[in-house]
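J.: As you go down the protein sequences, you meet chains A, B, C and D in turn.
131 is the number of the first residue of the first sequence in the working numbering; add one for each residue after it.
131 is the number of the first residue of the second sequence in the working numbering; add one for each residue after it.
131 is the number of the first residue of the third sequence in the working numbering; add one for each residue after it.
131 is the number of the first residue of the fourth sequence in the working numbering; add one for each residue after it.
Fair warning: there could be bad hints in the mix.
Pairs involving identical chains hold if they fit within one copy or between any two copies, as the list cannot separate such chains.
Simulated pairs of lysine to any residue, SDA-like, Cα-Cα distance not exceeding 25 Å [unchecked claim]:
(1) K245 <-> R198
(2) K245 <-> A257
(3) K245 <-> P195
(4) K245 <-> E276
(5) K245 <-> R277
(6) K245 <-> I261
(7) K245 <-> G141
(8) K245 <-> A199
(9) K245 <-> Q183
(10) K245 <-> L133
(11) K245 <-> L275
(12) K245 <-> A146
(13) K245 <-> P145
(14) K245 <-> R160
(15) K245 <-> T144
(16) K245 <-> D196
(17) K245 <-> P193
Hint data in this document are derived by calculation from the structure and do not stem from the laboratory.
4 protein chains.
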Amino acid sequence: MALYVAVVGPGEATPAQEAAAQEVGGALARAGAVLVSGGHGGVMAAACRGAAQGGGVTVGILPGPDRRAANEWVAVAIPTGLGELRNGLIVRAADAVIAVGGAYGTLSEVALALKTGVPVIGLDTWAIDGIEPATSAQAAVALALERAAG
Amino acid sequence: MALYVAVVGPGEATPAQEAAAQEVGGALARAGAVLVSGGHGGVMAAACRGAAQGGGVTVGILPGPDRRAANEWVAVAIPTGLGELRNGLIVRAADAVIAVGGAYGTLSEVALALKTGVPVIGLDTWAIDGIEPATSAQAAVALALERAAG
Amino acid sequence: MALYVAVVGPGEATPAQEAAAQEVGGALARAGAVLVSGGHGGVMAAACRGAAQGGGVTVGILPGPDRRAANEWVAVAIPTGLGELRNGLIVRAADAVIAVGGAYGTLSEVALALKTGVPVIGLDTWAIDGIEPATSAQAAVALALERAAG
Amino acid sequence: MALYVAVVGPGEATPAQEAAAQEVGGALARAGAVLVSGGHGGVMAAACRGAAQGGGVTVGILPGPDRRAANEWVAVAIPTGLGELRNGLIVRAADAVIAVGGAYGTLSEVALALKTGVPVIGLDTWAIDGIEPATSAQAAVALALERAAG
Numbered sequence: 131m132a133l134y135v136a137v138v139g140p141g142e143a144t145p146a147q148e149a150a151a152q153e154v155g156g157a158l159a160r161a162g163a164v165l166v167s168g169g170h171g172g173v174m175a176a177a178c179r180g181a182a183q184g185g186g187v188t189v190g191i192l193p194g195p196d197r198r199a200a201n202e203w204v205a206v207a208i209p210t211g212l213g214e215l216r217n218g219l220i221v222r223a224a225d226a227v228i229a230v231g232g233a234y235g236t237l238s239e240v241a242l243a244l245k246t247g248v249p250v251i252g253l254d255t256w257a258i259d260g261i262e263p264a265t266s267a268q269a270a271v272a273l274a275l276e277r278a279a280g
Numbered sequence: 131m132a133l134y135v136a137v138v139g140p141g142e143a144t145p146a147q148e149a150a151a152q153e154v155g156g157a158l159a160r161a162g163a164v165l166v167s168g169g170h171g172g173v174m175a176a177a178c179r180g181a182a183q184g185g186g187v188t189v190g191i192l193p194g195p196d197r198r199a200a201n202e203w204v205a206v207a208i209p210t211g212l213g214e215l216r217n218g219l220i221v222r223a224a225d226a227v228i229a230v231g232g233a234y235g236t237l238s239e240v241a242l243a244l245k246t247g248v249p250v251i252g253l254d255t256w257a258i259d260g261i262e263p264a265t266s267a268q269a270a271v272a273l274a275l276e277r278a279a280g
Numbered sequence: 131m132a133l134y135v136a137v138v139g140p141g142e143a144t145p146a147q148e149a150a151a152q153e154v155g156g157a158l159a160r161a162g163a164v165l166v167s168g169g170h171g172g173v174m175a176a177a178c179r180g181a182a183q184g185g186g187v188t189v190g191i192l193p194g195p196d197r198r199a200a201n202e203w204v205a206v207a208i209p210t211g212l213g214e215l216r217n218g219l220i221v222r223a224a225d226a227v228i229a230v231g232g233a234y235g236t237l238s239e240v241a242l243a244l245k246t247g248v249p250v251i252g253l254d255t256w257a258i259d260g261i262e263p264a265t266s267a268q269a270a271v272a273l274a275l276e277r278a279a280g
Numbered sequence: 131m132a133l134y135v136a137v138v139g140p141g142e143a144t145p146a147q148e149a150a151a152q153e154v155g156g157a158l159a160r161a162g163a164v165l166v167s168g169g170h171g172g173v174m175a176a177a178c179r180g181a182a183q184g185g186g187v188t189v190g191i192l193p194g195p196d197r198r199a200a201n202e203w204v205a206v207a208i209p210t211g212l213g214e215l216r217n218g219l220i221v222r223a224a225d226a227v228i229a230v231g232g233a234y235g236t237l238s239e240v241a242l243a244l245k246t247g248v249p250v251i252g253l254d255t256w257a258i259d260g261i262e263p264a265t266s267a268q269a270a271v272a273l274a275l276e277r278a279a280g
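Excised from the complex, chain A in its bound form:
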């Protein structure tokens, strides 16, 4: 069974964060992992783009009720209408979380993951005890897959 890895991060990201997220998505696809995300823009879209271009499966769990809000690289779009409570569903659907950059929504996802025992790998994100920092996209994916399988 495939591993599911969530890539979480802000909808408005820096070019460096988007580049990292795209590389993370591509590496997850090559490893055969399913990418879970919030389905919107910024880090989410970049990760989906990387995964889709790498031939991977991308899932977007959307806050609103309309599937069309998903970015174009989401293969399976799940509109929830739950607003920010959908952040908890992203975490539940994941065997590991990679946080790239960080705004408050990302922080909530990281916190819920740490609370529920889902491993969290960080790239340029919040300095919260429990997040394992990685220094490159490749290292983040390798670590996430190791923790997810563990």
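Fit chains B, C and D to the given chain A structure using the hints.
T.: For chains B, C and D alone, coordinates are given in the frame of chain A:
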């Protein structure tokens, strides 16, 4: 963008209901629709089996927190940990619902769909005003796709 | 510990249904039960009015994000932002459900209750196997409290 | 209409945190605010105890499906069965949040509040930009009520 059709029905179903659900799944796959289901057994498993064998995409939105509870034909398994509240997510994720057979969980999905304006097609299910009855799996899928696109 | 009884029914109800709901609310208050409802109008408002006038506690679990959508007889208003998924929370919060009248939302609540083993008493509502019909507001409350305690 | 203030904090707290939470609860009760909490132990129980002893209304939004998991000072107990996703409901139900101490669950509540524009006051909690720190329970309550009304 692909249409998403939920096939809902009891986890313990009759052979006739499972046969109908499998045929529904196959027809959805051939039409390029994404199959959404609760991911468990009975009607859900039969629909997923039909769709998977037809080369379609199958999504299972699970009530529990563990992905491994999904039936083997679910390609994308979303554990929610929401219990029966996940029924509402199945409906939200769907452009149309096909109900095959019917237990109380199915009834809740039908009711939520009718409440929120999602078209419901019925095959051997509850006699509730608002459900459009179909007399065959093929007819149910044709009607669901027409309503979903509408 | 007090029993919690949900009174569910349409937001647009007949005068007879509102009269019954108000009487149900009053009887619940006199019995010391907490009234749970969806917090809006029609049957919900009538039940809350009856309970509030009887000195009881009224809880409204609202679909939207704004507390001010609660009817004026709700003492504790919980905005959820979950839309119709909040119907499942009403059922979860209740030891028994009394359905007065019935639209699709009511049907979803009845179905979720029956699915999860919460007793359902009906007054002029859906004819669904598993609902115990009552012939008066007083009888409905007596039966609900008996089942809730059971 | 009363203001609703959530007091969030760890289920296992230090004596100083519990003392602060109890004082917060008492001050909220005296101000006529409704106390919302997760309904369990530690900071949650201490806040409820303070509010109940001060004659206030206490609401517990519980992660599990059983009302009996609420601490004894919860007047209105809402079992949700949502697990940690109920943290989002606590935030939605609140006009302001006071965080006392902090574990990962608390962090998720703080993050969701900041994400959705609910003011957060902190007492001995996470150092996250956006939290307004207070130096005493009285100051925290005064600030929370001011922000909630704003």
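J.: Are the hints correct? Go through all of them and say.
T.: Hint check:
For a Cα distance limit of 25 Å, the shortest separation of K245 from R198 across copies, 21 Å, qualifies, whereas the shortest one inside one copy, 31 Å, does not. Proximity of K245 to A257 under the C-alpha cut-off of 25 Å is found in both arrangements, the shortest distances being 16 Å within a copy and 18 Å between copies. Within a single copy, K245 and P195 get their C-alpha atoms only as close as 27 Å, which misses the 25 Å cut-off; across copies the closest is 14 Å, which meets it. In this homomeric assembly, K245 and E276 come within 25 Å of each other (Cα to Cα) only inside a single copy, at 19 Å, whereas the closest approach across copies is 31 Å.
Taking the shortest alpha-carbon separations for K245 and R277, only the intra-copy value of 16 Å comes in at or below 25 Å, while the best inter-copy value is 28 Å. Taking the shortest Cα distances, K245 and I261 sit within 25 Å of each other both inside one copy (12 Å) and across copies (20 Å). Taking CA atoms no more than 25 Å apart as the test, K245 paired with G141 passes in both settings, with 23 Å inside one copy and 12 Å between copies. In this assembly of identical chains, the alpha carbons of K245 and A199 lie at most 25 Å apart only when taken from different copies (19 Å versus 29 Å within one copy).
In the homo-oligomer, the alpha carbons of K245 and Q183 never lie at most 25 Å apart, since the shortest distance is 33 Å inside one protomer and 31 Å across protomers. Proximity of K245 and L133 under a CA criterion of 25 Å is satisfied intra-copy only: 20 Å inside one chain copy versus 29 Å between copies. Only within a single protomer do K245 and L275 lie at most 25 Å apart by alpha-carbon distance; the minimum there is 19 Å, versus 29 Å between protomers. Taking the closest pair of Cα atoms, K245 and A146 come within 25 Å of each other only across two copies (23 Å); inside a single copy the shortest separation is 29 Å, beyond that limit.
In this homomeric assembly, K245 and P145 come within 25 Å of each other (Cα to Cα) only across copies, at 22 Å, whereas the closest approach inside a single copy is 30 Å. Taking the shortest Cα distances, K245 and R160 never come within 25 Å of each other, neither inside one copy (29 Å) nor across copies (33 Å). In this homomeric assembly, K245 and T144 come within 25 Å of each other (Cα to Cα) only across copies, at 19 Å, whereas the closest approach inside a single copy is 28 Å. Taking the shortest alpha-carbon separations for K245 and D196, only the inter-copy value of 16 Å comes in at or below 25 Å, while the best intra-copy value is 29 Å.
For the identical chains of this complex, K245 and P193 are neighbours both inside a copy (21 Å) and across copies (13 Å), given an alpha-carbon limit of 25 Å.
This entry does not satisfy hints 9, 14, going by the numbered hints stated previously.
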